[in-house]
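Peer 1: Full structure from sequences and hints, please.
Protein chains in written order, with the working numbering: chain A, 128 to 459; chain B, 7 to 312; chain C, 668 to 971.
Please note: incorrect hints may appear among the correct ones.
Unchecked claim - Using 27 Å as the maximum straight-line C-alpha spacing, the simulated BS3-like pairs for lysine-lysine come out as follows:
#1 A:Lys-273 <-> A:Lys-228
#2 C:Lys-856 <-> B:Lys-14
#3 B:Lys-14 <-> A:Lys-158
#4 A:Lys-201 <-> A:Lys-212
#5 C:Lys-856 <-> A:Lys-158
#6 A:Lys-201 <-> A:Lys-228
#7 C:Lys-856 <-> B:Lys-208
#8 A:Lys-212 <-> A:Lys-228
#9 A:Lys-146 <-> A:Lys-158
#10 B:Lys-14 <-> C:Lys-799
#11 A:Lys-201 <-> C:Lys-879
#12 B:Lys-129 <-> B:Lys-208
#13 C:Lys-879 <-> C:Lys-856
#14 A:Lys-273 <-> A:Lys-334
#15 C:Lys-879 <-> A:Lys-228
#16 A:Lys-228 <-> A:Lys-334
#17 A:Lys-201 <-> C:Lys-799
#18 A:Lys-158 <-> C:Lys-799
#19 A:Lys-201 <-> C:Lys-856
#20 C:Lys-799 <-> C:Lys-879
#21 A:Lys-201 <-> A:Lys-158
Think of the hints as simulated: they come from the structure by calculation, not from any bench.
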Amino acid sequence: MNMAEVDKVEPELEVRNLKMHFPIRAGLLKKTVGHVFAVDGVSFSIGRGETLGLVGESGCGKSTIGRTILRLYKPTAGSIHVGGKDITHLSANELTSVRQKMQMIFQDPYGSLNPRFRVSELIGEAYRVHSGDENWEDHVANLLDKVGLQPDHMRRYAHEFSGGQRQRIGIARALAMSPRLIVADEPVSALDVSIQAQVINLLDSLKDEFGFSCLFIAHDLSVVEHIADRVAVMYLGKMVELASDRELYQDPKHPYTQALISAVPKPEAGAKRRDRLILRGDVPSPINPPSGCRFHTRCPHVLDECRTIEPNFNEISPGHWVACHLHSETST
Amino acid sequence: MRNYIIYKLLHALGVAFVISIVSFILLFYTADPASMLLPETADAADIAAFEKDLGLDQPLVVQYGRWLARIVFEGDFGNSWVAKIPASDLIGVALWPTLKLALIAQIIATAVAIPLGMLSAVKRYSIIDNITTFIVLVGQAMPLFWLGIMLMIVFGVFLKWLPTSGSDTWVHLILPSITLASFTLPLNMRLVRSGMLEVLSKDYVRTARAKGVTRSAVLMKHAFRNAAIPLVTVTGMQFGALLGGAVVTETVFSWPGLGRLAVESIQVGDFPVVQGVVLTLSGFTILANLAADIGAAWIDPRIRFN
Amino acid sequence: MNNMSSESKLEETHLDYKPSMTSIVLKRMWQLRMGVFGFVLVLVLGLSAIFASQVATHDPLEQDILARLTPPSFLEGGGSTYFLGTDQLGRDLYSRIIYGARISLTIGLSAVLVSMVIGVLLGLAAGYFGGKIDAVVDFLVNAMLAFPFILLAMTLVIALGASMENIIIALGLSNWPIFARVTRIETMKLREQEFVLAAVSQGLSHLRIILKHILSNLAAPLLVIATVEIARAIIRETFLSFLGLGIQAPTPSWGLMLAEGRDYMLTIWWLSTLPGFAIFLAALGINLVGDALRDLFDPHMRKG
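Peer 2: What follows is the structure, given as structure tokens:
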């Protein structure tokens with residue numbers, strides 16, 4: 128999908144200025160003594176059939192975004208639109224129908240599958256409940272086949288499978304209700320490296336076959352490189368760069384993105400040896416984020432204004448967004 | 007720490023309050039003062055006048071309030087309907103024997119549990135370990151009053167070594183306290199043993215041993231202290247169960263304590279005494295829990311900041 | 668950590684002597700044997716209760732005054748008619764003990780059922796929904812646990828009147844906090860698991876999540892606790908009967924028989940001892956089965 132096509136069709140997912148702050152309670156009366164600013168004003172959209180990679184280090188808020196989009200949390204501020212419908216303030220009842228169309232693939236293959244359920248129930252429970260289809264097991268068998276498992280494994284329990292296989296079960300579960308949007312929350316981070324590629328390839332082919340949009344969350348740029356159409360980078364609750372896959376890797380603008388990319392090993396023989404950009408300083412805490420640009424404490428190109436003024440998230444070239452004073456024409 | 011104590015105090019007060027309500031309501035509906043205190047020849051009019059006199063025609067809440075106020079401010083539980091003297095007198099007389107029994111029993115239980123528990127943790131699969139396991143198993147299944155009766159039969163009747171009732175000398179204390187001790191012994195032993203096992207397998211103990219610290223030094227310093235924490239908490243929490251066990255033990259051995267008083271009063275329907283005993287026993291349980299909570303938080307600072 | 672299995676690690680790190688393979692094997696066999704022994708006891712208990720009329724030799728209520736206070740057949744003076752002798756009214760002790768099993772088991776199971784229904788429901792609500800419900804339930808549980816159980820049960824029986832149904836109600840109402848507390852804690856832990864989150868994200872109702880996802884994982888710990896509580900309920904019922912607050916004569920309750928036999932303790936000691944022994948065996952068997960269940964479900968919970 129190129130950029131022009133994306134603009135014409137209504138986006139599958141649109142997130143505007145999303146904020147998710149978690150209160151910290153302490154003391155006898157559980158008073159609120161502070162907040163974790165997990166997500167602090169993030170806007171983006173995902174088109175039909177498009178895959179957006181969302182990358183950042185631990186604590187940057189990427190998982191929180193995924194869960195908030197699925198309304199597992201109620202957003203502190205901002206809005207979420209799925210298929211054109213505003214789901215930000217819907218009640219649990221109202222969400223039931225919407226939820227069938229957006230599904231999640233979880234990171235932990237061990238905690239995300241109920242140990243007491245058979246595989247058939249794990250995958251097909253929601254489908255059976257919502258559709259009332261008597262032949263739901265056929266549907267499950269079909270899904271198992273699509274994710275590369277034997278259909279007669281339906282009778283087994285989750286603990287009889289390896290980590291990679293469990294993730295396939297999780298993928299089958301996500302596909303069971305033919306969703307339009309899938310949020311994959313670090314789906315391969317808990318797997319061995321050799322299995323990671325298999326699962327990513329599986330997702331890639333399923334994406335083409337089923338045509339769902341995907342928000343692929345990862346902490347490692349190399350993981351999303353292959354599967355994502357566009358990639359977004361997050362830091363400490365804010366989105367710092369968003370561009371097409373190719374453009375981000377070839378021409379990263381934000382210093383943080385540059386540092387992340389320089390850390391990706393490039394196994395090409397004879398490739399120019401890039402200098403590793405090593406960031407100094409510790410990662411600040413999302414409870415007390417730095418003033419101005421959140422990255423300024425570790426940025427190798429920090430300017431004076433970075434310390435006090437937060438940069439806007441601007442489109443500096445078609446389809447390429449950055450939040451950085453080095454690249455904005457409008458800094459007061 | 008101070009906040010924690012205040013929180014726990016308030017909590018304890020709340021619990022006491024709820025218990026007072028529950029016991030008031032329960033006993034209110036089971037008590038029948040008219041039939042107990044009025045002569046048989048009383049007719050409906052007499053009964054009505056009697057009830058008005060006692061204030062029994064007032065709304066429930068008012069009666070509760072007056073009852074509570076009398077207890078809190080004057081320590082007056084009313085008069086025993088059977089003995090016609092203040093219930094608090096009867097309770098006061100019975101209090102010390104029960105406390106004595108409970109204390110001695112708990113001391114015995116702890117004194118046996120700690121060495122046995124520690125030894126069986128240190129020397130797993132040995133004879134000691136098997137004996138301990140056996141005691142735990144048997145002790146948990148043992149009906150307390152059957153044990154009491156059996157001990158009475160064996161030591162009091164067949165062997166004639168020990169007296170089986172009364173409370174005059176310290177000798178009389180032996181059988182009841184051993185019986186009651188067997189009630190809490192199994193749990194204590196298990197706790198000590200599992201606490202020790204857990205600590206002994208921790209890496210920092212292995213490190214200390216590898217450095218050459220002798221076994222007993224390691225044991226006393228590190229292991230015991232950590233194993234002691236759950237023991238302290240549970241002892242406090244167990245106090246309620248201990249008092250329950252005291253009720254049974256006192257009944258079997260005719261020990262003149264609160265337990266026997268409670269049972270007899272319930273059997274004859276002596277409402278004020280029953281209430282008084284229930285409140286007293288609950289009060290002690292709450293105090294013991296409080297002491298255990300605070301003690302545990304003092305030993306292990308992590309507990310204070312939940 | 669290191670590569671040894673967690674179990675052997677726990678066993679061997681702190682010992683400075685190596686327990687012989689024999690003694691380890693012996694202890695494991697002993698544990699297994701105990702489980703089997705417990706199972707056998709419980710089986711005997713259950714079968715006696717169900718097939719009492721076939722197993723007993725006499726009608727438990729039938730009196731034979733001429734034969735009163737006969738010793739058991741293995742003591743001197745005992746005959747062969749009455750296997751364990753007779754009580755003060757000439758009733759066969761053996762048959763009364765057999766029928767007593769039925770009473771004890773019925774009461775034990777029913778009382779625990781009552782406690783479980785109340786306790787699990789409250790614990791689920793508190794653990795899953797949290798907030799005010801949790802605060803109230805938690806407080807109630809702590810309050811009730813501070814109350815001396817025996818007295819609560821006794822007062823309830825007095826209030827309701829002494830009968831088998833009322834004893835079940837009294838015991839059941841007094842013991843629900845144990846189940847509530849455990850259910851609440853486990854529910855709170857389970858609620859944080861990702862598979863619950865997954866169920867929520869799939870639009871499944873709270874009711875379904877609680878009943879199917881959470882309850883299914885609670886079954887194992889609840890079962891273990893239930894067995895212990897059944898044994899305790901049996902013992903408590905016998906105590907209530909012993910005090911005259913339980914089953915009324917002439918129904919053969921073990922506790923009642925203990926009480927009746929107490930007056931004859933000096934000479935006719937078997938009247939109290941044998942029923943008490945039955946209580947002990949029943950409780951022991953149930954506890955052993957409970958231990959075996961616990962080991963089965965989660966070997967890591969084993970307390971050495």
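Peer 1: Next pair to validate is Lys-799 (chain C) with Lys-879 (chain C); report whether the Cα-Cα distance is within 27 Å.
Peer 2: holds, 24 Å
Peer 1: Keeping to a limit of 27 Å between CA atoms, is the pair of Lys-158 (chain A) and Lys-799 (chain C) held or broken?
Peer 2: With Cα atoms ~16 Å apart, Lys-158 (chain A) and Lys-799 (chain C) stay inside 27 Å; holds.
Peer 1: Holds or violated: Lys-201 (chain A) and Lys-879 (chain C), Cα atoms, limit 27 Å.
Peer 2: holds, 25 Å
Peer 1: For the pair supplied as a hint, Lys-228 (chain A) and Lys-334 (chain A), is the alpha-carbon distance within the 27 Å limit?
Peer 2: Since the Cα atoms of Lys-228 (chain A) and Lys-334 (chain A) sit roughly 15 Å apart, the hinted pair holds (cutoff 27 Å).
Peer 1: Please work out if Lys-201 (chain A) and Lys-212 (chain A) have their alpha carbons no farther apart than 27 Å.
Peer 2: holds, 16 Å
Peer 1: Checking one constraint from the list: CA of Lys-879 (chain C) to CA of Lys-228 (chain A), max 27 Å. Satisfied?
Peer 2: Judged against 27 Å, a Cα distance of about 23 Å means the pair holds.
Peer 1: Are the Cα atoms of Lys-856 (chain C) and Lys-208 (chain B) separated by 27 Å or less?
Peer 2: holds, 25 Å
Peer 1: Hey, Lys-273 (chain A) versus Lys-228 (chain A), does the alpha-carbon distance stay inside 27 Å?
Peer 2: holds, 19 Å
Peer 1: Hey, Lys-856 (chain C) versus Lys-158 (chain A), does the alpha-carbon distance stay inside 27 Å?
Peer 2: holds, 23 Å
Peer 1: Does Lys-856 (chain C) sit within 27 Å of Lys-879 (chain C), going by the straight-line distance between their CA atoms?
Peer 2: holds, 16 Å
Peer 1: Quick one, are Lys-14 (chain B) and Lys-158 (chain A) close enough, alpha carbons at most 27 Å?
Peer 2: holds, 18 Å
Peer 1: Given the hint that Lys-146 (chain A) pairs with Lys-158 (chain A), test it: the Cα-Cα distance must not exceed 27 Å.
Peer 2: Roughly 21 Å separates the two Cα atoms, so the pair holds.
The earlier numbered hints are all upheld by this structure, with none contradicted.
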